[in-house]
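As a plain string of letters, each chain reads:
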Amino acid sequence: MRGMVAVLRLRTVLQVGLLVAVAVLLGGCLIPPEPETTEAKATFGLYIVVLVMAAVVFIGVEGFILYSAIRYRRRDDRLPAQLHGNNLVEIIWTAIPTVIVLVLFVLSISALGTVQAKSDHPAVTVEVDAFQWQWTFRYRDDDNNPDNDYSVTGSAAQPPVMGLPVGVPIRLLLHSQDVIHSFYVPHFLIKKDVIPEPEGQPENQLEFTITQAGTYAGQCAEFCGNEHAAMRFTIQAMEQADYDAWIAAGRAGKSPPPAAPSGAAVVDLSAHNIAFNTNSLQVPADQPFVIRFKNDDAVQHDVAIYDGQTELFKGAIVDAGASFDYSVPAIPAGQYDFICTIHPTMSGKVVAQ
Amino acid sequence: MTAEPMAAVARHLEPPHPEANRGLAIPLVGMLLFIASEVMFFSGLFAAYFNARANAAGHEWGPPAPASELEAWPLAAILTIILVTSSFTMQFGVWAIRRGDQRALRRWVGVTLLLGVLFIAGQLYDYSQLGFGIGDGIFGTTFYTLTGFHGAHVFGGVVGLTILLARASSGQFSAQNHVAVEAISFYWHFVDVVWIALFSILYFLR
Amino acid sequence: MATTTLSPQAESYRRSWVLDWLTTVDHKKIGILYIVNSFLFFFAAGLLALVIRSELAVPGLQFLDAPTYNQAFTMHGTIMIFLFVVPMLTGFANYIVPLQLGAPDMAFPRINALSFWMLPLGGILILSGYLFGGAAAEGWTGYAPLSSNAERFSAGVGTDLWIMGLVLVGTSSILGSVNFITTIFKMRAPGMTLFRMPIFVWTVLVTAVLILLATPVLAAGLIALFIDRNYGGSFFDPASGGNPILWQHLFWFFGHPEVYIVILPAMGVVSEILPVFSRKPLFGYRAFVYATIGIGLLSFSVWAHHMFTTGKVFLPFFAFMTALIGVPTGVKMFNWMATMWRGSISFTTPMLFAIGFITMFLIGGISGVILASPPIDFHLQDTYFVVGHLHYVFFGGSVFGIFAATYFWFPKMFGRRLNERLGKIHFWIHFVGFNLAFFPMHSLGILGMPRRVADYDPNAGWTIYNLISTVGAFMIAASVIPFLINVIATFINGEKVGDDPWEANTLEWATTSPPPPHNFDTLPPIRSERPVFDLRHKHDAEHLHDGEADLVAPEGGQP
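Chains as they are written, first to last, in this note's numbering: chain W, 809 to 1161; chain V, 10 to 215; chain A, 3 to 561.
Just so you know, not all the hints are guaranteed correct.
20 Å max Cα-Cα, derived EDC-like pairs, lysine to aspartate or glutamate [what the hints assert, rightly or not]: (1) A:314 x W:1011; (2) W:1122 x A:459; (3) A:540 x W:885.
So these bits of chain V aren't anywhere near chain A, every CB distance computed over 10 Å [what the hints assert, rightly or not]: (4) 94; (5) 96; (6) 119; (7) 120; (8) 133; (9) 134; (10) 156; (11) 175; (12) 176; (13) 178; (14) 180; (15) 205.
Covered stretches of chain A, going by a simulated chain V footprint (3 or more residues, C-beta under 8 Å) [as the list claims (entries may be wrong)]: (16) 183 to 192; (17) 205 to 216; (18) 229 to 235; (19) 246 to 252.
Derived from the structure by calculation, the hints contain no laboratory data.
No residue lacks a Cβ here, since even glycine has one placed at the ideal position from N, Cα and C.
Construct the complete structure from the given sequences, taking the supplied hints into account.
Right under this line is the structure:
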């Protein structure tokens, strides 16, 4: 008799153990990316607490259901006791979820305070301008003249890079030119919708303080039309000194150095009077390179590379007087065409060796 | 496939007895529920109107520049009187048939129908005088959507009244059997109430 | 088969069966029409799901371009929700509710037929966009201004057809709900008090109230959308004083109750099946009813939790109300657990799907409570976590409930039971495929993969989860094969099982299978929420074998 009880107990322990193992395994797939802002750390902490609570509820309920299903399976035709209910039990199990959700609510609201905290004087303010289907990041500076601000506009082939310093509060002002987009950085565990605001309405803002230098991928999270999936961007978080150099370079030459992969070959190209300065570009084959493009013209230009009809690369449009470093992916050895897609008469050959 | 003649006869001798005869008649319950859904429909449109108003806080709220006042409001007031009156005439019709007075029912339903048609004609005239359209800013959009959908409901009521009048003329209603008259009257009163809300909000809420 | 003849001469008046089905006002036939129609749309939208999952299996655009992909997920979502899950449950309710109430039909049989016929029409309108330059492609939520500005963002009639189709489908639901509420309040048999109504009827009642009050608001929003697109309106146009967020308020004021419209009747189905196969009454009947009403009431105050990242809603209020909705849901879960506890459980196919429902819906419920926390939602909103969550509710919940109902009530509708062996094969492939398809989506969302993307970064670490999910999706599709074989084989040569094969509790089992056109010849006395159980065990207890004096034995007809 005692032996049987022990066997039953062992089996129960094994079953529960198995469930716990499965739950831990699944839980491992449910951990968010390493949080890289002060705000994200608060969210991460909250999430882990909630995940543990969820796991306890999950194991408890599923375990109970499995146990009942096995223990009380039909063995004969005898009718089990017809239990209709019990008010005390009902009150208890109304109270249990009430307590759980209240705890969750209080924890959430306290974390929300951290996540939504506003600083009086953010160190960097970037205007994020979303449009179908890319981003413009415009860095505000002190001269109150937006024309002098450094800005970068991305393209599908070359998503924009937002350089930011670590350790200081950063504020993003979110504007949309057309439909609703959403600015999302998974490593910051946050997104905020970018909404075309009616006149006079305040724009959405996002504030955070990055804790770790690194490169973080981001993309649009609100479905915004055909090329929604292509609305990607990168945040490059740097130490303050590196950031200062980066933004200074950006403001001076409007071509920020970190955008070029270090060690890549750089070829110069410029445009003037609706013509490129050369009709032949010598580039290395099979490795990425950078076209340092300087637009000395009065109109916009861009650079695209074609293999016959196949587009290999298409760069962002560069405003009159601006410069841009195009990072071009590796192309095999051979001859290709490069053109300005706005002015197809501007063309030349790319020779990759 | 289970039907044998005897069984079928037995079934018809012994129908189930739904407790249908307590409280409101089934069609009236249905009409009230339908009206509840209509209330939610207009609530959605009113919510859009108030949302736009709230967003316009600080700006001028009203029709675009040339017609900066709803100058036709005296006409709207006349329309209001017409529709409110028609609610009364409808109710007189209901009371008449409860007494079994078929002639009075026909008369009152006829008058109500006439007033309904008059309202629609007046509203269309009003539209032609306003000087702004549905595409002229958020006020124009909400104004025409609200009044337009109300007008469409009045038109639905007019169709119902026409059928009612035809049935009344062939003597289909009596003191005991007139649930359709009651149902249409519920709907007509509802349309009237919506108009009163529209009129006070669009023309007088500043 | 279903035209009942009063006398042999009436044979000559029998119309062709096609015309009979097209013009029927019998709630049972309309119910079956609903169910067949819904299954057809289920297969169509399921094919679209396979297209989506195939494209996402690995990164890169394989065989769709972005616009085609966007149309596919928009149609998938719209069809699954509006033309499969809701009408499917409406179909079962149509068939079962009058029977469970002891009523001869619905309150308004002709309006019932009208409600049904609007559905295929609406569905065809929505899908017909494919014939006119492309279906709607703004997602089933159709956010403005993407959907509202036809000139700039969403040219083509696909979106207009989508709007018109949805207005039709919505009108159908509203008329249906008027019919259900009236039927439930006015058509109950003598003795059938409100608190003796089967739980399924209660859930249908609350669902109908939600439809009645929520759907018109969607209709208002859709009409505003149509006016913006076609008549120069500016409801949602920020440039001329409109507000794009208004659409989200109108949509989710409908859309969140819609979630409960989809799940409550499935909960009702499960609450019918668990007691039958545990051979115990539902534990805490009244608590369950109050919890259902509570969910219905709360569902109107939580819509903005879909809008936490818009920055335009008051977070604490909506977070609190949303978390609160976990309480009545938790009460239901405990009641189901207690119903199985110390029961006598047999694992028939309907029972497997019902247990599948409570185990899977639990996951959807937990992930829902997680999403109710605003900071966590800031990370997970609009990612695949939400896609996983909603499929654990809609598929793990409602679709498991739909299959449970199909296996459970099939013998009532046709007098034959679906094959149990094939049913269990169906269940296990379905169950495993479901979890493979949708559990990895939680991981994807937590890692940051946004929803509604045709392509994704190959370096983001998302590929393996996507691949598993695609395998799961094809398993779900494969599970439909044994089901279809089962249905066909059962019609040809299925086991005839009499009127009450499951030894069930509620009134639909007190009549023949299938029931006669007028439903009941005689009704047993109704003294509890389990009149047929009482009848069966009255005989047991009193050792009476001559009970036919005033009662029709539920097994009657096949002695």
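Cross-check of the supplied hints:
1. Using a Cα cut-off of 20 Å, the hinted pair residue 314 (chain A) and residue 1011 (chain W) holds, with the two alpha carbons roughly 10 Å apart.
2. Of the pairs offered as hints, the one joining residue 1122 (chain W) and residue 459 (chain A) holds, with about 18 Å between alpha carbons and a cut-off of 20 Å not exceeded.
3. Of the pairs offered as hints, the one joining residue 540 (chain A) and residue 885 (chain W) holds, with about 16 Å between alpha carbons and a cut-off of 20 Å not exceeded.
4. With 10 Å as the threshold on Cβ separation, the claim that residue 94 (chain V) sits away from chain A holds: the shortest Cβ distance comes to roughly 28 Å.
5. A cut-off of 10 Å between C-beta atoms confirms that residue 96 (chain V) is not in contact with chain A; the least separation is 23 Å.
6. For residue 119 (chain V), the condition that its CB be more than 10 Å from all CB atoms of chain A holds, with the nearest at approximately 28 Å.
7. No Cβ of chain A comes within 10 Å of the Cβ of residue 120 (chain V); the nearest lies about 30 Å off, and the non-interface call holds.
8. Annotated as non-interface, residue 133 (chain V) keeps its C-beta farther than 10 Å from every C-beta of chain A; the closest such distance is 17 Å.
9. Separation of residue 134 (chain V) from chain A is adequate, the least Cβ-Cβ distance of about 21 Å exceeding the 10 Å criterion.
10. For residue 156 (chain V), the non-interface assignment is confirmed: its Cβ lies about 13 Å from the closest Cβ of chain A, beyond the 10 Å cut-off.
11. The Cβ of residue 175 (chain V) lies farther than 10 Å from every Cβ of chain A, with a closest approach of about 19 Å, so its non-interface assignment holds.
12. Listed as a non-interface residue, residue 176 (chain V) keeps its Cβ farther than 10 Å from every Cβ of chain A; the least gap is roughly 17 Å.
13. A cut-off of 10 Å between C-beta atoms confirms that residue 178 (chain V) is not in contact with chain A; the least separation is 24 Å.
14. For residue 180 (chain V), the condition that its CB be more than 10 Å from all CB atoms of chain A holds, with the nearest at approximately 24 Å.
15. Every beta carbon of chain A lies more than 10 Å from that of residue 205 (chain V), the smallest distance being close to 19 Å; the non-interface claim holds.
16. A count of 8 residues in the stretch 183 to 192 of chain A with a Cβ less than 8 Å from any Cβ of chain V is obtained; the coverage claim is therefore met, three being the minimum.
17. Figure legend: the stretch 205 to 216 of chain A, annotated as covered by chain V; annotation consistent (3 residues with Cβ-Cβ distances under 8 Å, at least 3 required).
18. Given as covered by chain V, the stretch 229 to 235 of chain A passes the check, having 5 residues with a CB less than 8 Å from a CB of that chain where 3 are the minimum.
19. Residues of the stretch 246 to 252 of chain A lying with their CB closer than 8 Å to a CB of chain V number 3, which satisfies the three-residue condition for coverage.
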